[in-house]
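Taken in order, these protein sequences are the chains called A and B. Okay, so the first sequence: first residue is 1 according to my numbering, each after it adds one. Okay, so the second sequence: first residue is 384 according to my numbering, each after it adds one.
Incorrect hints may appear among the rest.
[Said to hold, decoys possible] Okay, derived cross-link-like pairs now, DMTMM-like style, lysine to aspartate or glutamate, Cα gap no bigger than 20 angstroms in a straight line:
1) A/K19 with A/D61
2) B/K681 with A/D61
3) A/K298 with B/E760
4) A/K252 with A/D268
Rather than coming from a laboratory, the hints here were simulated on the basis of the structure.
Number of protein chains: 2
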Amino acid sequence: MSITHPAGFVAAGVAAGLKSNGNKDLALVVNQGPTFDSATVFTSNRCKANPVLWSQEVVKDGVVKAVVLNSGGANCYTGPEGFQTTHAVAEKVAEKLGIGAIDVVVCSTGLIGLANDRQHLLDGVEAAYAALSATGGDSASQAIMTTDSVNKQFVVQRDGWSIGGMAKGAGMLAPALATMLVVITTDAIVPAAELDKALRAATRVSFDRLDSDGCQSTNDTVTVLASGASGVQPTAEEFTAALTEACVDLAKQLLADAEGADHEISIDVLNAATEDDAVEVGRSVARSNLFKAAVFGKDPNWGRVLASVGTTQAAFDPADLDVAINGVWVCRNSTPAEDPAGIDLEPRKVTVTIDLKAGDQTATVWTNDLTHAYVHENSAYSS
Amino acid sequence: MSITHPAGFVAAGVAAGLKSNGNKDLALVVNQGPTFDSATVFTSNRCKANPVLWSQEVVKDGVVKAVVLNSGGANCYTGPEGFQTTHAVAEKVAEKLGIGAIDVVVCSTGLIGLANDRQHLLDGVEAAYAALSATGGDSASQAIMTTDSVNKQFVVQRDGWSIGGMAKGAGMLAPALATMLVVITTDAIVPAAELDKALRAATRVSFDRLDSDGCQSTNDTVTVLASGASGVQPTAEEFTAALTEACVDLAKQLLADAEGADHEISIDVLNAATEDDAVEVGRSVARSNLFKAAVFGKDPNWGRVLASVGTTQAAFDPADLDVAINGVWVCRNSTPAEDPAGIDLEPRKVTVTIDLKAGDQTATVWTNDLTHAYVHENSAYSS
């Protein structure tokens with residue numbers, strides 16, 4: 001059930017002293033081949049952390065042999081010194097593995113503006129290298145946790161090949177990925193160009209549809225590594241379907257563990273003119289603090305749904321919208337319909353359905369409610 | 384200190400039974416001339432309430448003789464029945480005043496999807512008409528309150544003429560005005576076309592720069608009425624300056640009374656390439672739940688400021704940004720600078736300064752922190 005489930009990968013997670021509580025905070029994932037194809041997507045935030053600036057160069061040729069990740073500090077806005085730390089970590093990994101540093105992706109997560117202790121990181125790489133094993137995936141997934149309450153892993157098993165994944169992230173999940181680190185491994189044979197296409201298709205309908213609080217991280221990275229160790233080359237369709245299954249499952253695990261959330265809200269937008277319209281409408285509702293606070297209060301306040309829909313540029317007739325909450329159509333033709341009193345918002349899962357009546361496209365965006373725990377956790381994070 | 388301060392206006396506020404607590408909930412403002420020039424701006428939300436749909440037609444010819452406002456129900460998404468209620472209220476006002484209904488602006492505020500009791504409204508108009516007086520402005524300003532803790536009024540006195548204003552709104556203050564009703568009166572002579580130009584200039588740098596929680600109402604209306612009763616015709620510059628002063632003051636009163644806020648945050652964006660860039664950057668920070676929760680926790684988390692700046696399309700070099708909180712430059716050239724420990728976030732007023740180093744344009748956006756009280760108030764509002 002981990003990134004070392006597919007053949008051709010070893011991994012480890014160790015405590016390098018970056019977290020003050022002594023928990024594991026450094027993970028190393030190594031592709032042992034025979035192939036080293038890879039694809040990676042990064043945050044679209046223009047303020048990118050040093051590890052992202054480094055890794056953007058690493059991934060350009062489609063070859064990645066190792067990923068080193070640390071929690072306990074984002075290494076973002078730490079200046080040239082911070083970039084040199086990232087570089088030194090990549091060099092250390094390369095030296096231990098006998099590869100080039102330019103094949104080592106580096107990921108960091110934690111507070112922005114906090115310099116990581118370089119010596120702790122380098123010592124951590126030594127320890128992780130010594131601990132590398134074909135069963136080390138679980139340990140690696142623990143070392144990337146920050147405010148996560150559980151580690152997130154997933155395996156897709158196909159005939160003769162598989163995909164393994166791990167993810168961290170419990171806040172700042174947003175439009176184009178956010179404080180979210182994901183490493184996915186596969187022992188299938190998948191050329192880098194095809195891997196890139198599959199990864200973009202999979203993230204578009206998974207991590208990109210997750211919008212916990214509208215904030216967007218400086219460090220998000222999703223990397224997929226293909227070892228080819230199974231000797232099997234699935235079709236592009238087969239592989240994309242399996243990768244999408246893994247990404248959707250990991251995205252839902254992130255949603256389920258979002259900071260301080262009481263509810264997991266699925267916003268299903270029906271009959272949009274275009275898929276982009278459906279996503280825009282879903283995202284606008286996902287970002288309505290008023291609606292999210294209402295869900296926390298178990299108040300089926302559909303007026304706040306419509307008020308959010310109205311802020312978009314999507315095609316629809318404002319006088320002809322339908323809205324359901326948990327299957328109860330509280331609004332038909334933009335007019336009150338079924339009694340909201342029939343809606344039970346006690347359960348953790350909530351579904352909002354919006355019928356735009358403007359076409360035949362659909363999309364689902366996932367978000368959480370806005371809770372006291374969210375405010376508490378995010379007001380106290382760095383203090 | 385009210386909308387009846389300028390000559391030529393009478394007003395009243397009465398309890399019409401729309402609010403279950405028996406408080407005043409219906410206001411009537413009447414321009415007695417000799418001029419009836421007016422200008423109005425509405426919410427840009429595409430899902431507009433019935434009173435907005437009605438009033439958009441009323442204001443087209445630049446002539447408005449009366450404004451009737453109610454709290455206790457937004458009359459939004461209440462169907463054709465709701466529109467007929469708005470129309471009936473305008474007709475009733477017109478009948479009492481001996482004018483045409485097409486010169487009566489109607490405004491409503493409160494819950495969306497809740498039909499207002501038509502008879503209560505019509506009886507309220509009768510009572511308000513009977514109570515109209517040249518000192519009724521204060522009473523009118525009380526009748527439009529919803530979750531406001533205080534009524535908001537302002538007067539600008541110039542040589543021989545004046546401006547009076549009242550505003551309500553304590554949540555949903557957002558990009559293009561939100562659950563915000565504002566009536567402004569003046570006894571200056573200002574032709575409708577000039578009034579429109581002045582109002583747009585004034586709201587652009589006041590109500591439009593207020594972004595309490597990114598949500599945008601279905602009912603926002605700002606109406607200015609000019610009676611000409613002073614006999615004085617100020618220059619366009621003089622009038623625009625006075626109107627802007629009134630709008631900025633009322634906007635700041637709204638900010639100060641925003642639902643559940645502990646802090647009033649002023650985001651000053653310096654040296655932007657364009658004013659639009661400066662506003663986009665300010666608004667992105669104003670909408671960061673993570674930053675707003677940090678301010679609530681008295682945590683000078685400047686990393687969250689930069690993460691928000693990075694999500695914009697404004698011109699800047701991500702490696703060369705400066706950020707100050709309450710005057711302490713915690714980040715210079717995108718690198719930690721002065722010690723954040725020197726920042727005192729106990730006081731209610733907080734200033735964030737962002738230097739984009741990309742031009743010479745500036746803008747200020749105002750917002751609040753994200754607090755437990757905000758979550759509480761908005762999770763319990765309709766229950």
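Right, here's what the structure says about each hint:
1. Taking the CA atoms of A/K19 and A/D61, the gap is about 33 angstroms. The hint is violated against a cut of 20 angstroms.
2. For the hint linking B/K681 to A/D61, the alpha-carbon distance of about 45 angstroms lies beyond 20 angstroms, and the restraint is violated.
3. Between the alpha carbons of A/K298 and B/E760 the distance comes to roughly 13 angstroms, so the proposed pair stays at or under 20 angstroms and holds.
4. Proximity of A/K252 to A/D268 is assessed by CA-CA distance (about 15 angstroms); at most 20 angstroms being required, the pair is judged to hold.
Violated hints, listed in ascending order, are 1 and 2; each of the other numbered hints is respected by the structure.
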